[in-house]
Amino acid sequence: MASSSDLGEIINAPAPELKEQRIILKTKSEVDVLDDGYKWRKYGKKMVKSSPYPRNYYKCSAYGCPVKKRVERDRDDPAYVITTYDGIHTHSVPT
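When you read off a place in the sequence shown, starting at 1, and then add 48, the result is the number in my numbering.
There's no promise every hint is true.
[Claimed, not checked] Taking lysine-lysine and the DSS-like style, the derived pairs with C-alpha atoms no more than 25 Å apart in a straight line are: (1) 116 / 93; (2) 117 / 87; (3) 116 / 74; (4) 107 / 90; (5) 94 / 116; (6) 93 / 107; (7) 93 / 117; (8) 117 / 97; (9) 87 / 97; (10) 107 / 117; (11) 116 / 90; (12) 76 / 97.
[Said to hold, decoys possible] Label-pair restraints from in silico Cβ distances: (13) 76 / 111: 31 to 41 Å; (14) 136 / 83: 15 to 25 Å; (15) 141 / 100: 27 to 37 Å; (16) 138 / 78: 28 to 38 Å; (17) 78 / 111: 30 to 40 Å; (18) 123 / 143: 30 to 40 Å; (19) 118 / 142: 30 to 40 Å; (20) 136 / 81: 14 to 24 Å; (21) 84 / 124: 21 to 31 Å.
What the hints contain is simulated information worked out from the structure, not anything from laboratory work. Predicted, not measured: the structure shown is a model, and the values here were computed from it. Where is the CB? At the ideal position from N, CA and C, for every residue including glycine.
Put together the whole structure using the sequences plus the hints.
Okay, here's the thing in structure tokens:
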């Protein structure tokens with residue numbers, strides 16, 4: 049799990065189309081997917097026009113939890129990973 053000292057930037061912005069919470073993390077990391085304590089199921093991957101790096105899509109694997117996340121490398125500085133969370137978990141962090 050990334051510590052707060054590893055985080056380059058945290059942006060908390062409303063997701064107008066979802067009317068739920070959206071959190072964007074920009075983290076310096078060599079690995080693409082960071083361990084945030086939750087379990088995720090990958091459901092998609094696509095190339096983004098403005099970036100040479102693919103964007104990966106995940107859903108929380110807890111039954112009934114609506115949270116999704118997108119993970120991609122920063123096109124301007126590939127040392128950073130941008131993770132976007134949409135929604136609020138309906139359960140506690142698995143142990």
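Numbers of unmet hints, in rising order: 9, 19
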